[in-house]
Amino acid sequence: MSSRRTERGNTRSSLPIGLVLLALLAVLLFAVPIVGLVLAAPWGDLGGLLSSETVKDALRLSMFSSIAATVVSGVLGVPLAWLIARARFRGIAFVRSLVLLPLVLPPVVGGAALLFALGRNGVLGGPIFSFSGLVLPFSIWGVIVANTFVAMPFLVISVEGAFRNLDRRFEGAAASLGASRWTVFRRVTLPLIWPSLLSGLLLTWARAFGEFGATLTFAGSLPGRTQTLPLAVFVALESDRDLAVAMSLLMVAVALAVLIVLRDRWWGTS
Amino acid sequence: MVGDELRSGLVAHIEAGYHDGFRVRAPLAIPSGQTVALLGPNAAGKSTVVAALAGLLPLVSGRIELHGSVLDDPARNTFVPPERRNIGVVFQDYALFPHMSVLENVAFGLRSRGIARDIVRERAEKWMATLDLGEIARQKPGDLSGGQAQRVALARALVIEPELLLLDEPLSAIDVGRRSSLRRRLHEYLESFDGPRLLITHDPTDAFLLADDIVVIEGGVITQKGSADEIRLRPRTPYAASVAGANLVSGQAAGGLVNTGEFVLHIADHGVEGPVLAIIRPTAISVHLEEPEGSPRNTWPTRIDLVEHLGDVVRIRTGQPLPLTVEITEEAVQALGVGRGSPVWLSIKATEIIVEPE
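Protein chains in written order, with the numbering used here: chain F, 1 to 270; chain U, 1 to 358.
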């Protein structure tokens, strides 16, 4: 039936066959690993594996550090996005590129750079240590810094676009009604960009939750201290495959949950 | 220089523009209690004037003075930011805050001034009652009709008790059928505001019916200012002439007739009563050599006082008992063989006469 329809020139099936095959190949590339993971899963022991101390510690660390990184990204990233979207001075293009750099930079390189800058002998890490005694590398704070470094650009991109597209008349109207700049931002600008901010925060959190390279390089993989879920999966692959698969499934579930929340915004399913 | 001695009102010499090089140069003077219409085609710089007066766009040069205090004077480095100007603005398409209810929109200006919540509520509700918004207080702007949104925008601007009221195309978002009744209400609200009022519009009907004086702006420059009659009788630019074309006749309406004192017009609307303005487009009037037969309700003999050739179109001014501006084609003039002083018959269909209560 369907092939006959194609011959009659049904517009839905009029894609070149070569493109369709390549697209299907791409779908397989994404689907097969998930299938592999599901097939390899020790479904009977899953409960026991996921309630082990290693998993609990890693999950707790991952949750804490990724949420902290998301909060820091929000507090610093929203003003930064606002600045990039609204500032008119020269050099703002350079600032923008700098902010987007972590998106294309290999996370390991980012982690190494953080280590050189914020390590105990680093440009900034030295003074920080001598003033406060705080050592960032190989601590939970280091995990948060690494997560923020890698994930904040997602928030900045999302929110910057929203600031740029915002109808400026709303802010003008608020100002003409006597609202101070801060009131305008808090009561008009921020609520109007809220949908973009929310999706930016979710993306940032997901990226931080899955962060591996920069965290490993800057904060190491110390169980119970800096070993987040992705790091624990990597270590478990060497020692306890079932545990690694179980933790991987856990992360797949989390990733799917985020995609479902974002679905309406990104695919506009109505 | 215009009215520099004006104590109560707006005196502005606006020179402002955007980065694309577009400049607006507009001197404006509006005494308190008067409405001035800034009338111009699209992209003439009308909204730039609003932005400059509201403080959203600093002047390049010139000066804005309201009730004797300087709001913007680049030469003296004076600039009062928008939040400290106390100017009520009804923005084009109203710019109501979409995430706030009607009540929150109206209360916004008072809350921003740090006024206590119960007083804010009381004053907002007073204005909402005045503008008949009580029943929609909890609705969001997205759910409102054009007329409701306009009243919310007015209430939001008036609640702060502004010293100047700016209205940027307040009727352009209203569909044509409801415009005339909303225009009448808007006129009442404008009259009850005792500060200076600036109405921005591209619609000559709005300007003629709502304003005391009209300022015509084209390409960022003011090309004419004066009363509605002055603009209509002596337009100085082709745009002003095209705007001025419409015939406005005032009279008393009753039972489908408008009595001007010297003449009685038949109109289609039998319900309208009292003082009205009848608007007749110059192209809606037909010219004949003899008394026409058939449907037109309004026919009368007169003479041609003046003939102006404007390319393909000829503008004729006719004499008593109802002097009108008529536009017909050059071909029609040739066919009729008429000129200055010719006796002619005019006819207008009753349905072609727009009647606006005055």
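For the record, the hints were derived by calculation from the structure and aren't laboratory data.
Hints are supplied without guarantee of correctness; some may be wrong.
What the hints assert, rightly or not - Straight-line Cα separation of at most 20 Å, SDA-like style, residue types lysine to any residue; simulated pairs:
hint: 1; chain 1: U; residue 1: 140; chain 2: F; residue 2: 244
hint: 2; chain 1: U; residue 1: 349; chain 2: U; residue 2: 306
hint: 3; chain 1: F; residue 1: 56; chain 2: F; residue 2: 190
hint: 4; chain 1: U; residue 1: 349; chain 2: U; residue 2: 192
hint: 5; chain 1: U; residue 1: 126; chain 2: U; residue 2: 104
hint: 6; chain 1: F; residue 1: 56; chain 2: F; residue 2: 140
hint: 7; chain 1: U; residue 1: 126; chain 2: U; residue 2: 113
hint: 8; chain 1: U; residue 1: 140; chain 2: F; residue 2: 210
hint: 9; chain 1: U; residue 1: 140; chain 2: F; residue 2: 187
hint: 10; chain 1: U; residue 1: 140; chain 2: F; residue 2: 221
hint: 11; chain 1: U; residue 1: 140; chain 2: U; residue 2: 78
hint: 12; chain 1: F; residue 1: 56; chain 2: F; residue 2: 221
hint: 13; chain 1: U; residue 1: 140; chain 2: F; residue 2: 194
hint: 14; chain 1: U; residue 1: 140; chain 2: F; residue 2: 190
hint: 15; chain 1: U; residue 1: 140; chain 2: F; residue 2: 234
hint: 16; chain 1: F; residue 1: 56; chain 2: F; residue 2: 234
hint: 17; chain 1: U; residue 1: 349; chain 2: U; residue 2: 247
To be verified - Have a look at the derived ranges for each label pair, beta carbon to beta carbon:
hint: 18; chain 1: F; residue 1: 261; chain 2: U; residue 2: 145; range: 54 to 62 Å
hint: 19; chain 1: U; residue 1: 173; chain 2: F; residue 2: 168; range: 57 to 65 Å
hint: 20; chain 1: F; residue 1: 20; chain 2: U; residue 2: 242; range: 39 to 47 Å
hint: 21; chain 1: U; residue 1: 58; chain 2: F; residue 2: 97; range: 25 to 33 Å
hint: 22; chain 1: F; residue 1: 98; chain 2: U; residue 2: 238; range: 37 to 45 Å
hint: 23; chain 1: F; residue 1: 260; chain 2: U; residue 2: 219; range: 48 to 56 Å
hint: 24; chain 1: U; residue 1: 20; chain 2: F; residue 2: 261; range: 51 to 59 Å
hint: 25; chain 1: U; residue 1: 332; chain 2: F; residue 2: 168; range: 30 to 38 Å
We put the beta carbon where it would ideally sit given N, CA and C, even for glycine.
Hint check:
1. In summary, the hint linking residue 140(U) to residue 244(F) is not supported, as the alpha carbons are separated by about 51 Å, beyond the 20 Å threshold.
2. At most 20 Å may separate the alpha-carbon atoms for a hinted pair to count; residue 349(U) and residue 306(U) exceed this at roughly 23 Å.
3. Restraint check for residue 56(F) and residue 190(F): the C-alpha separation of about 36 Å exceeds 20 Å, so the hint is violated.
4. Annotation: proposed proximity of residue 349(U) to residue 192(U) is violated, straight-line Cα distance about 37 Å (limit 20 Å).
5. Annotation: proposed proximity of residue 126(U) to residue 104(U) holds, straight-line Cα distance about 14 Å (limit 20 Å).
6. Taking the CA atoms of residue 56(F) and residue 140(F), the gap is near 16 Å; set against the 20 Å cutoff, the hint holds.
7. Among the hinted pairs, residue 126(U) with residue 113(U) is consistent with the structure: their alpha-carbon atoms are about 18 Å apart, no more than 20 Å.
8. In summary, the hint linking residue 140(U) to residue 210(F) is not supported, as the alpha carbons are separated by about 40 Å, beyond the 20 Å threshold.
9. Annotation: proposed proximity of residue 140(U) to residue 187(F) holds, straight-line Cα distance about 16 Å (limit 20 Å).
10. Under the criterion of a C-alpha separation no larger than 20 Å, the hint pairing residue 140(U) with residue 221(F) is inconsistent with the structure, at around 52 Å.
11. Note on residue 140(U) and residue 78(U): the hinted pairing is violated, with a Cα-Cα distance of about 38 Å set against a maximum of 20 Å.
12. Annotation: proposed proximity of residue 56(F) to residue 221(F) holds, straight-line Cα distance about 15 Å (limit 20 Å).
13. Of the pairs offered as hints, the one joining residue 140(U) and residue 194(F) holds, with about 17 Å between alpha carbons and a cut-off of 20 Å not exceeded.
14. Proximity of residue 140(U) to residue 190(F) is assessed by CA-CA distance (about 18 Å); at most 20 Å being required, the pair is judged to hold.
15. For the hint pairing residue 140(U) with residue 234(F), the CA-to-CA distance comes to about 51 Å; that exceeds 20 Å, so the pair is violated.
16. A threshold of 20 Å between alpha carbons decides the hint, and for residue 56(F) with residue 234(F) the separation of about 16 Å falls inside it, so the pair holds.
17. Proximity of residue 349(U) to residue 247(U) is assessed by CA-CA distance (about 15 Å); at most 20 Å being required, the pair is judged to hold.
18. Between residue 261(F) and residue 145(U), the C-beta spacing of about 35 Å breaks the proposed range 54 to 62 Å.
19. The hinted range of 57 to 65 Å is not satisfied by residue 173(U) and residue 168(F), whose Cβ atoms lie roughly 19 Å apart.
20. For the pair residue 20(F) and residue 242(U), the supplied restraint of 39 to 47 Å is violated, since their beta-carbon distance comes to about 58 Å.
21. Checked against the hint of 25 to 33 Å, the C-beta distance between residue 58(U) and residue 97(F) comes to roughly 31 Å, which is consistent with it.
22. For residue 98(F) paired with residue 238(U), a C-beta distance near 54 Å fails the hint of 37 to 45 Å.
23. Checked against the hint of 48 to 56 Å, the pair residue 260(F) and residue 219(U) passes, with Cβ atoms roughly 54 Å apart.
24. For the pair residue 20(U) and residue 261(F), the supplied restraint of 51 to 59 Å is violated, since their beta-carbon distance comes to about 41 Å.
25. For the hinted restraint 30 to 38 Å between residue 332(U) and residue 168(F), the CB-CB distance of approximately 51 Å leaves it violated.
Of the numbered hints listed earlier, those contradicted by the structure are 1, 2, 3, 4, 8, 10, 11, 15, 18, 19, 20, 22, 24, 25.
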